[in-house]
Each structure stands twice: as C-alpha cells, then as structure tokens.
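Participant: Given chain A, work out where chain B with the ligands should sit, using these hints.
2 protein chains.
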Amino acid sequence: MKTIIVGGVAGGMSAATRLRRLDETADISVFERGHYVSFANCGLPYYVGGVISDRGDLLLQTPESLAARFRLDVRVDHEVTAIDRDAKTVTVRQTRSGAETTESYDRLILAAGALARTGITPAGLATRTLRTVDDVDHITALLAGVTGQASAVVIGAGFIGLEAVENLVHRGVHVTLVEFGSQVFGPFDAEMAAPIFDELLVHGVDVRLNTTVVASADGGVELSDGSVVPADLVIDSVGVLPDTSLAARAGITIGASGGIQVDGSQQTNDPSIYAVGDGVEKIDAIDGSGVLITMAGLANRHGRATADSIAGEPGEASPALGTAILGLFGLTAAMVGWSEKRILGQGRAHRVVHTHPASHATYYPGAEGMSMKLLIDPVTDAILGAQIVGGSGVDKRIDILATAMTGGLTASALTRLELAYAPQYSSAKDPINQLGYVAENLAAGTTRALQWHELAAARDAGAVLVDVRSAGEFAAGNIPGAINVPLDEIRERLPDLPDGPLIVHCQVGQRGHTAARILSQGGLDVRNLDGGYRTWTAGVT
Amino acid sequence: MKTIIVGGVAGGMSAATRLRRLDETADISVFERGHYVSFANCGLPYYVGGVISDRGDLLLQTPESLAARFRLDVRVDHEVTAIDRDAKTVTVRQTRSGAETTESYDRLILAAGALARTGITPAGLATRTLRTVDDVDHITALLAGVTGQASAVVIGAGFIGLEAVENLVHRGVHVTLVEFGSQVFGPFDAEMAAPIFDELLVHGVDVRLNTTVVASADGGVELSDGSVVPADLVIDSVGVLPDTSLAARAGITIGASGGIQVDGSQQTNDPSIYAVGDGVEKIDAIDGSGVLITMAGLANRHGRATADSIAGEPGEASPALGTAILGLFGLTAAMVGWSEKRILGQGRAHRVVHTHPASHATYYPGAEGMSMKLLIDPVTDAILGAQIVGGSGVDKRIDILATAMTGGLTASALTRLELAYAPQYSSAKDPINQLGYVAENLAAGTTRALQWHELAAARDAGAVLVDVRSAGEFAAGNIPGAINVPLDEIRERLPDLPDGPLIVHCQVGQRGHTAARILSQGGLDVRNLDGGYRTWTAGVT
Ligand SMILES: Cc1cc2nc3c(=O)[nH]c(=O)nc-3n(C[C@H](O)[C@H](O)[C@H](O)COP(=O)(O)OP(=O)(O)OC[C@H]3O[C@@H](n4cnc5c(N)ncnc54)[C@H](O)[C@@H]3O)c2cc1C
Ligand SMILES: Cc1cc2nc3c(=O)[nH]c(=O)nc-3n(C[C@H](O)[C@H](O)[C@H](O)COP(=O)(O)OP(=O)(O)OC[C@H]3O[C@@H](n4cnc5c(N)ncnc54)[C@H](O)[C@@H]3O)c2cc1C
Ligand SMILES: CC(C)(COP(=O)(O)OP(=O)(O)OC[C@H]1O[C@@H](n2cnc3c(N)ncnc32)[C@H](O)[C@@H]1OP(=O)(O)O)[C@@H](O)C(=O)NCCC(=O)NCCS
Ligand SMILES: CC(C)(COP(=O)(O)OP(=O)(O)OC[C@H]1O[C@@H](n2cnc3c(N)ncnc32)[C@H](O)[C@@H]1OP(=O)(O)O)[C@@H](O)C(=O)NCCC(=O)NCCS
Numbered sequence: 028m029k030t031i032i033v034g035g036v037a038g039g040m041s042a043a044t045r046l047r048r049l050d051e052t053a054d055i056s057v058f059e060r061g062h063y064v065s066f067a068n069c070g071l072p073y074y075v076g077g078v079i080s081d082r083g084d085l086l087l088q089t090p091e092s093l094a095a096r097f098r099l100d101v102r103v104d105h106e107v108t109a110i111d112r113d114a115k116t117v118t119v120r121q122t123r124s125g126a127e128t129t130e131s132y133d134r135l136i137l138a139a140g141a142l143a144r145t146g147i148t149p150a151g152l153a154t155r156t157l158r159t160v161d162d163v164d165h166i167t168a169l170l171a172g173v174t175g176q177a178s179a180v181v182i183g184a185g186f187i188g189l190e191a192v193e194n195l196v197h198r199g200v201h202v203t204l205v206e207f208g209s210q211v212f213g214p215f216d217a218e219m220a221a222p223i224f225d226e227l228l229v230h231g232v233d234v235r236l237n238t239t240v241v242a243s244a245d246g247g248v249e250l251s252d253g254s255v256v257p258a259d260l261v262i263d264s265v266g267v268l269p270d271t272s273l274a275a276r277a278g279i280t281i282g283a284s285g286g287i288q289v290d291g292s293q294q295t296n297d298p299s300i301y302a303v304g305d306g307v308e309k310i311d312a313i314d315g316s317g318v319l320i321t322m323a324g325l326a327n328r329h330g331r332a333t334a335d336s337i338a339g340e341p342g343e344a345s346p347a348l349g350t351a352i353l354g355l356f357g358l359t360a361a362m363v364g365w366s367e368k369r370i371l372g373q374g375r376a377h378r379v380v381h382t383h384p385a386s387h388a389t390y391y392p393g394a395e396g397m398s399m400k401l402l403i404d405p406v407t408d409a410i411l412g413a414q415i416v417g418g419s420g421v422d423k424r425i426d427i428l429a430t431a432m433t434g435g436l437t438a439s440a441l442t443r444l445e446l447a448y449a450p451q452y453s454s455a456k457d458p459i460n461q462l463g464y465v466a467e468n469l470a471a472g473t474t475r476a477l478q479w480h481e482l483a484a485a486r487d488a489g490a491v492l493v494d495v496r497s498a499g500e501f502a503a504g505n506i507p508g509a510i511n512v513p514l515d516e517i518r519e520r521l522p523d524l525p526d527g528p529l530i531v532h533c534q535v536g537q538r539g540h541t542a543a544r545i546l547s548q549g550g551l552d553v554r555n556l557d558g559g560y561r562t563w564t565a566g567v568t
Numbered sequence: 028m029k030t031i032i033v034g035g036v037a038g039g040m041s042a043a044t045r046l047r048r049l050d051e052t053a054d055i056s057v058f059e060r061g062h063y064v065s066f067a068n069c070g071l072p073y074y075v076g077g078v079i080s081d082r083g084d085l086l087l088q089t090p091e092s093l094a095a096r097f098r099l100d101v102r103v104d105h106e107v108t109a110i111d112r113d114a115k116t117v118t119v120r121q122t123r124s125g126a127e128t129t130e131s132y133d134r135l136i137l138a139a140g141a142l143a144r145t146g147i148t149p150a151g152l153a154t155r156t157l158r159t160v161d162d163v164d165h166i167t168a169l170l171a172g173v174t175g176q177a178s179a180v181v182i183g184a185g186f187i188g189l190e191a192v193e194n195l196v197h198r199g200v201h202v203t204l205v206e207f208g209s210q211v212f213g214p215f216d217a218e219m220a221a222p223i224f225d226e227l228l229v230h231g232v233d234v235r236l237n238t239t240v241v242a243s244a245d246g247g248v249e250l251s252d253g254s255v256v257p258a259d260l261v262i263d264s265v266g267v268l269p270d271t272s273l274a275a276r277a278g279i280t281i282g283a284s285g286g287i288q289v290d291g292s293q294q295t296n297d298p299s300i301y302a303v304g305d306g307v308e309k310i311d312a313i314d315g316s317g318v319l320i321t322m323a324g325l326a327n328r329h330g331r332a333t334a335d336s337i338a339g340e341p342g343e344a345s346p347a348l349g350t351a352i353l354g355l356f357g358l359t360a361a362m363v364g365w366s367e368k369r370i371l372g373q374g375r376a377h378r379v380v381h382t383h384p385a386s387h388a389t390y391y392p393g394a395e396g397m398s399m400k401l402l403i404d405p406v407t408d409a410i411l412g413a414q415i416v417g418g419s420g421v422d423k424r425i426d427i428l429a430t431a432m433t434g435g436l437t438a439s440a441l442t443r444l445e446l447a448y449a450p451q452y453s454s455a456k457d458p459i460n461q462l463g464y465v466a467e468n469l470a471a472g473t474t475r476a477l478q479w480h481e482l483a484a485a486r487d488a489g490a491v492l493v494d495v496r497s498a499g500e501f502a503a504g505n506i507p508g509a510i511n512v513p514l515d516e517i518r519e520r521l522p523d524l525p526d527g528p529l530i531v532h533c534q535v536g537q538r539g540h541t542a543a544r545i546l547s548q549g550g551l552d553v554r555n556l557d558g559g560y561r562t563w564t565a566g567v568t
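As you go down the protein sequences, you meet chains A and B in turn.
At position 3 of the first sequence (counting the first as 1) the number is 30 in our numbering, and the numbers step up by one without a gap.
At position 142 of the second sequence (counting the first as 1) the number is 169 in our numbering, and the numbers step up by one without a gap.
Just chain A, with the same shape it has in the complex (with noise of 0.2 Å):
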C-alpha cells in the first residue's frame, strides 16, 4: 500500500513516522515545497533572538535520517500541484527545476500546514513572514548587515508576533508593534493582557493600538495615526489561515471554519484522502463546533492518529480544548478552551472569577505572582475556559485545568484536586484548589460577585463601595470615592455603613471576601468585586 504525505513537518513527518512503525511494508513517500522537513517552527523565534544559536538545533531530522531510521521516501523542494482523485494520483512539481512527475497512492495524508493571512498589510510594503527556515536566515541577514541599532515593526501582537518582538528586543533591535485591535495578545480578555501590555512596555518597545501600517515611507513604514517609524526590518505576524488550496481545487469538503473538515479519524470526504494539522477544522471542546486551532501539539497528535486510521487502528476522534502558552521576556501567559470574548460573542450565560495568587508558600523566597481568570458554566459548573499570565507556575496551573477539562471536572471540583506541595512548589491550598473555592462560593450562593467592568454601573445606580484594605494600602492607590474600612475594624463600624447596596473589595477579592461574609450576615446587601482592586486597574486602564 502506498502512502503519500504533502507536507513534511509536524502533521504530516508524524504521520509517516508513526505509519512506518506499524507497518514495515508500507511504502511513504512525503512531499515538502520548502527545503527542509521536521524543523522546529516553534523554535524560529529564538533563532532570531539568538537564544536558539545554532542553526542545526532547529533542524530536528532530515531526508537522509529519516530515510535510515523509517525508511521514508522523503522529497524536499517538491510541491504537490494537483490531486486528481479518480485515477488516485497527484501531480509534483520540482521547485527548483520545474520538472513534474505523477505520482499515484492509495491514501494521501493532506498536512499543508497554514498560510499567512494576506489583505491586512498594504500591498507592495516589503514585509516578512516568520514561517520558515528561510524566513528566519533572511532575518539575521538583514539585520545583521544593519549598521547601528536596527529597527523593527511588527505587525500583530498575537502569539508570533509578540515571540518576534521578544526576539528582536532580546537581539538588540528597536521595535515599534502594530495592532489593529483595541488591545495586544488578543486571543486573552482586557484585563488579563494589561500585565503583557506593560511588560513590551518595561523593554521599550514603542506599542501602537488602534493602528494599522497603511504604506512605506522613507526609512521606515508610516501608520494609520499619521506617524512614521523605523523600520530595517517590517515582520508581517497578523495571523494565518488553513492552506486548503490543493484539496479545495479537488473537491475535499472544506468546513465553515475554513478548514479541511475531517471525521475522527482525519478522513476526509474522500476516504482515500486524510487531512491533518493547521489546514483542518477541529471540533471544539466546549461545543462541539468546527474551529481553527494551529498548534503543535494537536499536529503532532492527529498525525499520529491519521497513520493508527490508515493502519486500521481505531481513530480517537478527541475535541479540541486549544490550550496555548506564550512566553515574554519571563512573563507567561497561558490559556484554555474559551476566553470571555469569546463567550460574550455566543451570548453564553457564564461565570467568572479572577484570582491573584503566589506561584508557591509566600514563607519561602522567590514566590512571583499570577492572575488568573476561570471562566464556568453558572448551570453546569462546567469549565468553559482559562487565562493566567504572571511569572512561574502558569505552565503548571494552565496544564492542570487542561487536564481537569479533559477529565470532566466541575470548577467546584477544583476544591478536591490534590496537587503536590512543598514550600518550593505550591501551596497547601494551591493556587487550582483557591479557583475552587471561589468558584464554589459563588455556585452555592456564600458568596455574590461583581465584575471590574459591572462597578462603575453598580455605583451609579447607588452602590457605596468600601475598600477592606489597610489604611496604607488604600493611600497607596485607590478606587475614587471609596470608602475605606480596614477588613479587621469592620465588625465595629459595620453599625456606621449605609443601608443601601453596598460593594467590598481588596487587593486581590481574598479579605473582600471574608469582609462580604460579615457583611452580608449582618443583613447587608453586599458584593465582592472580583479580583479587588488588581484586576479592576487592569481592566480599566
């Protein structure tokens, strides 16, 4: 039986692979339009950045490894130009000659990977995209036939973008960021982004919001507010769609997402034909619908389960919860399943906490803090989704709740998890147990919750707002027209507080809290605001 794979990198190399280990008389062949197979794009960043040095690091296998260990049939700089599905053959095309070839197979593993969305940056700019080896070596090129301080604009703070910032920063190069949306790292709510928003800021990187590249201009690039910048170098990271050229032109049913629809065990409609990677349309964990998700992991694994499928294994079929993770300049920012955006846009009932906890015990040195978002299902209790950005331990905190959605716990469940802890590590009550207890005070009704973005309505509509803090903390900074009463006098002056509606907040929702519990067992109307007073300055500035 013949296999051929269009695509050689993380799709499609693990399909072949992992073909070639459940039959050792298959005979694979893959196809790849760029010079080299199985690279690291996740790594292409650091190779900017000089954090990933040499260049070989980048280069996990090549044709001739891969032919000595699985026997691939592995052709680089050869595209797959056309299917033609009745005769079961595709037509090849030598990139650097010309010359095409036919090429027939009994099953055909699609793993195109995405393109770069075109449209959004003017026509005729010179820009780059970070995709490829070749990307990145016409990168260091270019800047490093700058003399003086290079400069830089990046267009789309989304997760390649920022990766590119990060790197260019980290190389020594001025950099101006472009976005169009309102905030960066738009995959997150508001306020979960501030923190990364005031990070580019700490490393000088000149962010522009609101904003688009509308031309070039003499030395650099002019902006739809009027400026110019500089620019050596304009990277083009505004995101990227399923590449499905090849299998629309033969009629492979593409899904509404715009992705290659494919059954569970990656078979298109066409059941000769298995489709794999950032070309497919995954179905959501939450609701089941058709959504765009690019990333590694799920390549990796769905090309794993396209070579079980063609060896007749069982598919696995398994939705997709989209978890993703950046890192910059040592800030992490991690998310699961839905943001509230996203939620919002559905018009889905929905919950929502905000906590601000230590990555370990705060006794032990080197705890750095976090926030996270846990947004729930008010009538299941289902997790919906997750965001946390903050120092160490988001990694860990992200892949939990992963793991926790896959495995059906409710938020109130989060209570029951029993997560290592040593001072260096954790909590006794983990940062995961601490969502669970919020969430499960707000499910069982111990507690009543207002968001940051719900309180300027509430005050207006004659909500007193009382800040439990110390007296030195509300000094410090503080929400205007507060009042503060310090969490520790407040049974004292709870006679002396109006009637009326009233709103308790801290620094972080912990002392606003037990403050709330006072309260409201004293015949107060009362609300928490979530996440106090940090997420509501992220939220409002």
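What the hints contain is simulated information worked out from the structure, not anything from laboratory work.
Bear in mind the structure is a predicted one, so any value in this text is a computation, not a measurement.
Beta carbons: idealized from backbone N, C-alpha and C, even for Gly.
Check each hint, because a few of them may be wrong.
Residues from chain B that keep clear of chain A, each with C-beta distances beyond 12 Å, as calculated [claimed, not checked]: (1) 130; (2) 156; (3) 243; (4) 376; (5) 396; (6) 508.
If we take Cβ atoms under 10 Å as the criterion, some of the chain A residues that face chain B in the derived model are [unchecked claim]: (7) 190; (8) 538; (9) 544.
Facilitator: Just chain B with the ligands, lined up with the frame of chain A:
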C-alpha cells in the same frame, strides 16, 4: 453553638477560619498545647537551613491576628487532656501553670496531628525531632554553639529526613544519614530513588543504608555496623503516627490504619465530634481502604470541609491520592497514588512504564532531564500511581497526573491531553502524552516490554540482548553480554540476528520501541527493555 477545636495549625485553624466565615454568630475556641498556632510546619526545615531567614515568616497567624480578623478565641499553651462525651465537655490544662478548667462544647473538632514514631531509635539517645517551632529553635541554637564544622546524624531518609539533610548541608553541617531500609526515600520504588541517592553523595552526605543507630558514643553515635559517626546533633525523622490518644481514651473509633475513623463529613462515631488532619484515617483513592496520609493539603482541605459539615453544608468525602513532593538540592522527586512496592504487596496485577524525557523541547536551551514511572491497571487501564524524579517540570507533571487520576482518565487517555506547548515549557508531545503513547502501545500489544528486574531471568532462559544504540554509546557503557546493532542498521542486519527470543534496548526505551516494531514485523520474538539502559542502570546499582 459552641465549637471547640483541639490543635491550632493546619487542620484545626482551617476549620476555625472557614467556620467563622460561614457563621458570624458561632462561638469558636481553639486550644493549642504548643506556643504557636498557624505556623508553617512545612517551612521549618528551610529555617534550619537559613533559606527562610526570618523566623517571623514561619508564623502565618497569631492568636491576636486571628481574633482581629476571625473573632476566634485562640489559646496557646493550652492542652486538652480529656473529653467527656456525655457531658460534652473537655478538660483543658494550661501547660505553663498546670491549671485545669472544663469547657463545654456543642461540636468538637480533633485536629491534634501526628506524633513522632518512637521505639526505633534507642532509648536514652539525645535526639531531636523536626516538627515544631521549638524544635527548630533548639536545633539552630545548638548548631550556632558549635565551633568549627558541626556534624549531624539524621535518622530516617523519608521526606522530612531528606529535607533536614538538605538544609543541614546548606548550612555547612557534615551529615550522616542513617536509614534502616535498603534505599533512601522509601515511598519511591528502588530504581526511582537511585538519583536521590546519587544526589546525596554528590553533596557529601555520608549515607548508611541497612543501618540503625544503636547507642550514643563519645562525640557521636554508634551505628549497627559498629562504626561511630560524629554528631553534635541527632535528628530523629523515622516517621510519624496519628496522635489519637485523646480520641481513643474517649472511645472514639480508631481505624485499622491507626487513624481516627471519620465519614465523608469528617464526623467520628460520635456525631458531635469531628476529626481532621494527620490524626485521621483517609480513604485511599485506589482501593477505598483506610490509609494514613499526612499531608498539609489534605489537612487544610478537610479542615475546611469540617467547618462546612458543622455549618450544615454537604460533606465532600473525596478519597485521597497521597500526592507528595520533595525538593533536594535542586532535584525534585514527586509521587501520586501507589508505588510498585505497594501494588506488589497487595498482589495486584499491574503494568509499568518508565520514560526519561526532557522538561521541554531540547532544541531550546535549558531543558532538564527527568525519569518517570507510571503504574497501570492492566485490565481497566486505570492509572494506579506515578513517580517522577528530575529537574524542572517534575512538579507540573505529577500534578497533571494527579488531576488525570481524579478525573478518571485512563493511561491511554494521557495521549489526548492538550497541554500547553511552547519550547520553553514543554514539547509538542509533552512527556505526559509520551507516557500515554507508551502505555497505549503496551495495552494494544503494539510493543511488548520487559522490566529491568526481569532481564536477568529472561537471559538465563535464553533470550539474547540487543543494544540498538550507536556504537559510541555502546562503547561508553553497556549491559554485559549485549550485542550492539544500531537502530539505523537493524533492517539490514535482521537476517543475522538469532532466531530465539530477543530483548532490545536503547538508552531510554524510545529507539528500542522502533527496533522492536521492526523486528517483530520481521517475524522475531522481541521485547523492549522498558526505560532502557537508564532504568536498568538505576535498578541494578
Ligand atoms: C514561528 C512559529 C512559532 C510557533 N510556535 C508554536 C508554539 O510555540 N506552540 C505551538 O503549539 N505551535 C506553534 N506554532 C504552530 C505550529 O508550528 C503549527 O501548528 C504546526 O507546525 C502545524 O503543523 P502542520 O503539519 O499542519 O503544518 P506545518 O508544520 O507548517 O507543515 C506544513 C508543511 O507543508 C508544506 N506544504 C504546503 N503545501 C505543500 C504542497 N502543496 N506540497 C508540498 N509541501 C507543501 C509547507 O511547506 C510546510 O513545510 C508556531 C508556528 C510558527 C510559524
Ligand atoms: C518538618 C515538616 C515538614 C513538612 N512538610 C510538608 C510538606 O512539604 N508538604 C505537606 O503536604 N506536608 C508537610 N508536612 C506535614 C504537614 O505539616 C501536616 O500534614 C499538617 O500540618 C497536618 O495538619 P494537622 O492539623 O493534622 O496537624 P498539625 O498541623 O501538626 O497541628 C496539630 C496541632 O495540634 C496540637 N495538639 C496536639 N494535641 C493537642 C492537645 N491535646 N491539646 C491541644 N493541642 C494539641 C499540636 O501541638 C499541633 O500544633 C510537614 C510536616 C513537618 C513537621
Ligand atoms: C519528530 C517527528 C518526525 C516525529 O517523530 P516520532 O518518532 O513519531 O515522534 P517522537 O520522537 O515524539 O517519538 C514518539 C514515539 O516514541 C515512543 N516513545 C517515546 N518515549 C518512549 C520510551 N521511553 N519508551 C518507548 N517508547 C517511547 C512513543 O510511544 C512514540 O511511538 P508511537 O508513535 O509508535 O507510539 C515529527 O514530530 C516532526 O517532524 N517534528 C518536528 C516538527 C514539529 O513538530 N514542529 C512543531 C513543533 S516545533
Ligand atoms: C492560614 C489558615 C489560618 C487558613 O486561613 P483561611 O483564611 O481559611 O485560608 P486561606 O488564607 O487559604 O484563604 C482561603 C479563603 O479565601 C478565599 N479566597 C482565596 N482567594 C480569593 C479571591 N481571590 N477572591 C475571593 N476569595 C478568595 C477562599 O475561597 C477561601 O475562603 P472559603 O474557605 O470561605 O472558601 C490555616 O490554613 C493555617 O493555619 N495555615 C498554617 C498552617 C499550615 O497549613 N501548615 C501546613 C502547611 S505549611
């Protein structure tokens, strides 16, 4: 309603604070026989080592702070000496004056913790435990008084013994570690404890296995092997037992494990009396039996749950996994669920997987190695337990596995976890996914494995051992008698291999898996040495 709490640290104080939050009108008294409440037991060793330099950091709360915030009546230096269940009173003795009073209760919470196990070190030997603030005050004063390099003997190489060793070494003390058993870190299986043993040697610790202390000697102690080792200080950390004396005298039911028996609401056989923490028997998550697990996380969680029960909220009754973690000189060792020893002790069928992955993508600098062991029920594919030892990222992986176990995920389902990947944090297939792949291959019969301790018998029975690593790796160290056929040559050399049963191995098991696939499809009877050379070496030495 009046609640009396016996013991004012993890379990007791967590119950007290939550009870106050739930009920402003409750009358809550906490009696603590020591001089401190709410202290960081888990931080004590690090104060000895000077890692935590401010003694005040150990004291998370004081009776005054707890009165101010939670209106708790906290009395230190007060020991509860008897319970009169009929009268619903306790006898309280002021430890300083000896004065006794009687206090009545509606609800009583026993949170007396554990006591050091006695009878193992010889009577009359001047040892000190490491359990209280007084202990560390004594230890640090004693060490401060030694001129020249101090020396210490630590008895017992469990969690607290090893933490004591690390901190004494960190302080410049010469340490002899005396362990009755044949390995350090008894909770681990022997081959997984090997890196811990090595790490102790690297740090100059004199480790004596299969040894006990028999008597004091001039300037030190005499060991069972006849030697005398120097000791300005002897720390006894052979373990703890539940402190059930008060409960037992009052006729409270003690479980077979030796801990107080409670139901899912932490209620004892007396409906007015609750118990929580180290003194209490836990329900094992694997088999539902009564077990002793003495961990701060459970004490905190069950303390809170006790308050919920008393306030009339539903109990939680969740079983315990025994997740635990140790830091030792930068090495991390963590576990969850059952060890292989324990499984064998129960005569239970099981499957084992060993892997040795990197903490993150190796193409990104700074990846650290770890060794993982997964224990699986071969019938249900349920995860029975796991052990991990290594550098960074160990804590994350054990927490993911603990969460997976709580969520009821099978070993094979670990392949489906969508964990956050960027190269600083993980690999496109996280080590947890890889554990799942290996487990799935065993479950499906795709590869057959052999454990390190089964190798000798298999070879005695005629199996031939084939080392599929490179010639260079083979030359650097190999299993005596193995023949070297590098993986990339195995297809050509297949005809030369003997017909009988083969065992293949590589460094960690991964290339062995591919080799086994090639050979078994070539018609040979082959098994892959699980965990490869590395696990075998750790096991046999
Ligand atoms: C800079 C960068 C950083 C990233 N960082 C992360 C990260 O940290 N974490 C993460 O999870 N993901 C990350 N990703 C995304 C991840 O790399 C992709 O999700 C993954 O590589 C998708 O796998 P794939 O097989 O679908 O596509 P690819 O790995 O992109 O492979 C597709 C290949 O197909 C080839 N091809 C296309 N059409 C044809 C044709 N007609 N004929 C022959 N060959 C063809 C292409 O040349 C390409 O090499 C990053 C991506 C980039 C570019
Ligand atoms: C050095 C050390 C390090 C540790 N490290 C970790 C770790 O890293 N991770 C982890 O999970 N766990 C760790 N533990 C274990 C953890 O501290 C315990 O599991 C937890 O404290 C148990 O809580 P508890 O409330 O049952 O008992 P404790 O917290 O021990 O409190 C019991 C209290 O009851 C008091 N008491 C007893 N009898 C009476 C009486 N009759 N009257 C009045 N008072 C009484 C005692 O004086 C004691 O203060 C460590 C323990 C120690 C000693
Ligand atoms: C590397 C690449 C070729 C895949 O190779 P692969 O051999 O299939 O995958 P891995 O190296 O992860 O090894 C996984 C295999 O080893 C096995 N394995 C891992 N550790 C093992 C161990 N200790 N013992 C036994 N088997 C083990 C797994 O079970 C799996 O085998 P299986 O699929 O037959 O179950 C492909 O992923 C690739 O090209 N990657 C680079 C591109 C990319 O992913 N880019 C995006 C991220 S930067
Ligand atoms: C500290 C101690 C007194 C417990 O105090 P506590 O107030 O009950 O517990 P925490 O400080 O963890 O706070 C948890 C509470 O804050 C709430 N909370 C946490 N973060 C919050 C946030 N951002 N917003 C709102 N509420 C929050 C939780 O829901 C929980 O309240 P609940 O129990 O009513 O649900 C007790 O654990 C103790 O004495 N510890 C020291 C001893 C010890 O544990 N030793 C062993 C480990 S070293």
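Participant: Hints first: check each against the structure and report whether it holds.
Facilitator: Each hint, compared with the structure:
1. 130: Label holds. Min Cβ-Cβ 24 Å, cutoff 12 Å.
2. 156: At about 18 Å from chain A, residue 156 of chain B clears the 12 Å cut-off, so the statement holds.
3. 243: 32 Å, holds
4. 376: 24 Å, holds
5. 396: 17 Å, holds
6. 508: The claim holds: residue 508 of chain B sits with its nearest Cβ about 26 Å from chain A, beyond 12 Å.
7. 190: Nearest chain B Cβ about 8 Å off; hint holds.
8. 538: 8 Å, holds
9. 544: 5 Å, holds
Violated hints are absent here; each numbered hint is respected by the structure.
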